[in-house]
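Take a look at the letters that make up each chain.
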Amino acid sequence: MDSALFPKGVKRCPTWQFALWIGAVGIVLLWGVYAMLLCWLKGLNQTNMNDYYGFALWIWADLAVIALGGGAFFTGFLRYIVGKDELKNIINFAVLIGFICYSSALLILAIDIGQPLRGWFIFWHANVHSMLTEVAFCLSCYFGVLTIEYIPLILENRQIDRVPFFHNLAHNMHEVMAVFAATGAFLSFFHQGSLGGVAGVLFGRPFAFREGIFIWPWTFFLFTWSAAAFGPCFTIFLLKITEKITAKKLVKDSTVWLLAKISGWMMLTYIIAKTIDTLYWLTVTAPAAGYGAGFFYDNWFYNFGWLFVEIVVGGFIPALILVSEKGRRSPGLLFLAVLLGVIGVSVNRWVMVLQVMAVPVMPFDTWALYYPSWQEVATTILPVAYGVILVSLSYRYLPVFPNEMELNAAPAQAEAVVDEELPVQAAVARA
Amino acid sequence: MEMNARQHKFGMVIDLDKCTGCGACMVACMAENNVPFKVDETNKRDSITWMRVYKLTNGKPYPEADACFLPRPCMHCEGHAGHSPCVSVCPATATDYSSETGVVSQIYTRCFGCRYCMAACPYHARYFNWWDPVWPDGMEKYLSPNVSPRMRGVVEKCSFCYHRYQLAREKAIYEERDEVAEEEYQTACTQACPAGAIVFGDLNNPDHQVARIVQPDAHHHFTGHSKIAFRLLEQLGTNPKVYYLTEREWVRKMCDQYNFGPQAAGH
Amino acid sequence: MKLDRRSFLSFVIGGAAGTALTPLPWKLTDDLSIWTQMWPWTPVPPDGAYSYVSTTCTLCPGGCGIQVRLVDKRAVKIEGTPGHPVNDGGICPLGLSGLQLLYGPSRVDGPLKRTAGRGAGRWTPISWDDAIGEVAQKLAALRGDGRPQAVAAISGSGRGTFSALVERFMTVYGSPNLMRPASAADACEMALYRMHGQQAMAGYDLENADFVLSFGSGIIDGWGSPVRMIRARSLWKERKVPLVQVEPCLSNTAAAADRWLAVAPGTEAALALGLAHVILSEGLYDYNFTAFYSAGFEPWRQMVLDGFAPDQVAQITGIQKDVIVDLARQFAKARAGVALWGRGRGTTPGSIDEAMAVHSLNALVGAVNRQGGVWALPEIDYIQWPEAEMDATAANGLQTARLDGAGLEPHADARSLAHRFFTAVAEGKTDPVEALLVFEANPLYTQPDTATVKKALDKIPFIVSFSSLQDETSAYADLILPNHLYLERFEDVAGPAGLNQALIGLTQPVVAPQRRTRHAGDVILALSQGLGTPVADAFPWESFEACLEETLGDDWDALVANGYVARPVSLPHWSSAFGTASGKFEFAGTYRPAPLEGDKGAFPLVLVPYDSMRIAGGTAANTPFMTKTVGDEILKGNDMFVQVNPQTADSLGLREGLYAELSTPRGKARVRIHLTQEVRPGLVAMPRGLGHTAFDPYLAHKGVNVNALLGPVDDPASGLDAAWGIQAKLAKA
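Chains as they are written, first to last, in the numbering used here: chain A, 1 to 431; chain B, 432 to 698; chain C, 699 to 1431.
Check each hint, because a few of them may be wrong.
[Claimed, not checked] Below, in silico cross-link-like pairs of lysine-lysine (DSSO-like), each with a Cα-Cα straight-line distance of 30 Å or less: (1) C:1334 to B:469; (2) B:475 to C:771; (3) C:1298 to B:684; (4) B:486 to C:771; (5) B:602 to C:771.
[Claimed, not checked] DEER-style ranges, computed between Cβ atoms: (6) C:1380 to B:612: 34 to 44 Å; (7) A:128 to B:492: 45 to 55 Å; (8) B:490 to C:1353: 35 to 45 Å; (9) A:128 to C:727: 32 to 42 Å.
Everything labelled a hint here was simulated from the structure, so no lab data went into it. For every residue, glycine included, the Cβ atom is placed at its ideal position computed from N, Cα and C.
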């Protein structure tokens, strides 16, 4: 029915099946929208946030998706600036994931602030000393860049492309894409860093506070570095899931291995830096503020296990897998590594947001634990559902994967969307 | 220098040995500053109390147990050269450190509710309006016109009753005086405290009682001169302008966070 | 159309720049943001002319001077009056939040008549004329019947003109059954009456004391005049005056004291006598006073020396012998040591033996009627009304026995025994009570054993409450004739509790009445008119205000201007100081261990109530602001925690936060457990003042009323309620 909109020469599932899929995810989306409207109309009392947890699940989700969306800027940087031409096969997908991540992040922020309409004041009454100001500016600008990067892909839809104006527009945009990729890389460097700075500058919160250089705490650099390292992981992770669901090979192995290798080396160097940072913080920075290392992990929930998961399980292990040629070439190990990487960076962001809130600072205070309300969970899943829909639509109607045709030349390869796999995808994509 | 004389640094010293934990300061503050209340205020992490009195216990078994009350207003941290933990993080300049008075202000109509300042404040002195403020029918009659009630979705906190300073200054200007006298500007909690445990005034003015008690040492990060004086979480470097006094060593050791780390022995 | 790169870029950049350069998008966005600053549902308090009115707080017997800040005609803030002899600018949480009562949702709108079963909360508004008419008719009928004594009244307004007016009304009407809610003041009065031979109140010269020994008195927890006590304690801190607190649990006072003696509960009197033993045997007492101004010293001395040697007392109290000896020496050697008694806030009378034992300790060191000691202050005598004419009906009615037994053998020196009134009525052992008038009291909440009070009220067919607020008793009344709130009415406050000054405070209207209320004094005047001669003749005043102005005479103008007048008090000359038969101070007081109610087998623990400045436990109930200050280790949601030592909890398998059933012989309640080392093992501590069922949603149904679990215990030596706790049981719920 809608086959006229498909990219040239590819096979897509029947319309009814696609509609069913979109419908199922759409229900989750509507649930999230309902929760979002509750938060806007009734206020943030709909959440379980409180005066100890001013930052909670949403801010973690925000930081996590921005880190994971880092694949877009870093792949763009490698492709356009470093000149890794091979990566052109995955750049569209990376941009798409980035676009989803960043639009989600902005949406979450709009729900998260108590007076959403006054968000304008960040720009109008900007405080240049605030990391969040830097985040807001760079995030908004970079979202603009991602939009510009995503538009040509839309314009390449078979029907739109027929209009000469759009065809030319897309062509011209491609021509200048290196400029935008550079801009994107520059902006990303700052807002990823500023997000790290958000926690790192909190000298009143000894769990978060890090010393640094000039105005930037070490977390500034660690966040940028980790986004560059783990972002591509997430791109590969989603690629593998998409390939599984569509039962097609979408990107050449050589491309994936290249990206995995770069990601692996970035991860390894990052996690070494992170380890040094952690040790310095635990032995120098925190004690100077009057806190012993054991203090921060002296809780049944927040214990040293978190540190182990973040640094070893989600850091060293995936990094070592990816830097070894054998590791990244084994489909199973590759998937394990990107999965652990995604978990590792998410744990890092979790800890830097939620554990910061949980650790008592005043000596007579107690650990503050919190669990999110359903409204928070729903609004956090909302972007996931939105992302799934956008990936599905893009995959169906846009030439996201330039090699798809050649990689799936054999006509016998029938694609299928199996119902049982739907929840799996939703669940994995959430991470 | 004429200008220097006008640089105030309003601060507070609270004598914990006089404090009885009666809660008058908390209520005085709520009554003065149009602080709202809900049917259930037992979730203390969602209960707006600009001034909150904490109960500290020494952890010893009966009958060695001891308790101490610690009132906690906003500390109006000066940080390093006005970089208080919260002011520097606000993206919209909705909170500001006044170098003229040393007061950390909060502009409710500017705040858009990102709560970054709350994350930055180690004292939990900042409160978010999770709910619309609602007064039972007729009770809005007692609301003071000097402090605007806050709308849902913004952060609020102790202002050292800044409106009282403004009123006192207006009066002084009207009466053609240069300065607001010590007794003309006192916070509501100071005024109400039945124990006289709170002393408020200008730390920069050696004639003020608060400055005489504290004698902040400008060369050592403004720590108090007295051996029984301390500041809450002194080691974080927030440089608060609320000082505490107590003869009880266990309270001092607990509160200034010198119980761990290199300086532990020396203090 | 051909679009090259150049024109594309010009198009995009030009378009974007063009739009951005117009003010439109920026202005619109800014306007939208600014719109969110003016949401119509967030109130904007109107400004106006500022002024202050000085008046006196009557929410407790403390008598603090307050000044109310007005903006035009709105009262916006209550502050303490600087320079006031009681509170000098200080003020307590309850006093501060009085405006929440004034403008709050628990006000009674106007006269109400019950339309459904008692306590069902169904009322119909009636006019003041009908309301007064109905009461007058009922009272006239009973009087006509020759049974004026069947009308009882309970008045909690303390001493002052209104109180005198109620008393006069009951007298000329012909009923002896006027009671006041029980408090430590009852025992204090009685102790002074027995030992000084005077109707007087104790005034403590605490500002001049140099050693303070408190037998469980909540010095900073609401005892006496709370703000004055807190101020005095700060003064002691400055002057390094030691405060020693004798108390089983670490109350705020104990924590604030220089020394806390964790005494076995109920043995305070033994400790007092143990101290006396040391003082006597070491000859540290005041020879002059004991020799020349006291009587009964020898037998009392012998009693102490025989029975209260420090090692014996150490056994009883759990306080080490050398601690007792040491403390006794310090107390006796102090220039101006003074001992206080009356547990916590002084809500219950307690044992008269204990009161007298402590007072004897004061006498022993010469602290009676001395600077820095305790003075017997006769009531201020400004209420001088001509004797009222009484008819035979009244005379006959007054001849009948008081239903509470006060003033009759064996309790001839008791003036009011409210707990016995309710018990007697509930048990149906008295002549029927046909009507009960309740002024400024809430017995259904504040009396121990509320179930019995309720049973008593059920037997009284006509209950009239004059409460301004919807309290438990008015919710159970037949008619509510709401009084003005204290910020809307005139009243005088004579001699604040425990103060050693003759002080009269004036309460005056700060704002116009906010509801359809009427001054209870005016209502009494109207009732007396309704009853006709001779009752009406005893009340020649056209209004309560006129009555008050006449009564206060020359002081009136000063009172209106300043809110108080202070009269100098001079200590009486020794020759006229005591009204006893001997003309001297009579030593008395001993320790007789009084068993608590309940079987120790079935109820192995002891429930003890405690008082907190953040919880109003009496007739005045918590305001929303006060309840907001209550910690989450006391109240969480509607659940209340009892405070238990971990040792006690361990033995019962209870942990922090668990639900438990607390039962006593008088009732049971579902509570939660909070573990604390501040409570003595074996005790269960519970705050007074929660568990209201009336008032507003900000207070009702939060926690448990400890009075529902407690019961009165008659002190054989006084008839007063001597209970300080009750046997109790905790079990996992």
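Results for each hint:
1. Under the criterion of a C-alpha separation no larger than 30 Å, the hint pairing residue 1334 of chain C with residue 469 of chain B is consistent with the structure, at around 14 Å.
2. For the proposed pair residue 475 of chain B and residue 771 of chain C, the alpha carbon gap of about 35 Å is over 30 Å, so the pair is violated.
3. Of the supplied pair hints, the one linking residue 1298 of chain C and residue 684 of chain B is violated, its CA atoms being roughly 43 Å apart against a limit of 30 Å.
4. Distance hint between residue 486 of chain B and residue 771 of chain C is unfulfilled; the C-alpha atoms sit about 39 Å from each other, more than 30 Å.
5. Annotation: proposed proximity of residue 602 of chain B to residue 771 of chain C holds, straight-line Cα distance about 22 Å (limit 30 Å).
6. Under the hint 34 to 44 Å, the C-beta atoms of residue 1380 of chain C and residue 612 of chain B, about 56 Å apart, miss the expected range.
7. For the pair residue 128 of chain A and residue 492 of chain B, the beta carbons lie near 54 Å from each other, so the given range of 45 to 55 Å is met.
8. A hinted range of 35 to 45 Å for the beta carbons of residue 490 of chain B and residue 1353 of chain C is inconsistent with their spacing of about 18 Å.
9. Taken as a hint, the range 32 to 42 Å is violated for the pair residue 128 of chain A and residue 727 of chain C, whose Cβ atoms sit roughly 20 Å apart.
Going through the hint list in order, the structure does not satisfy hints 2, 3, 4, 6, 8, 9.
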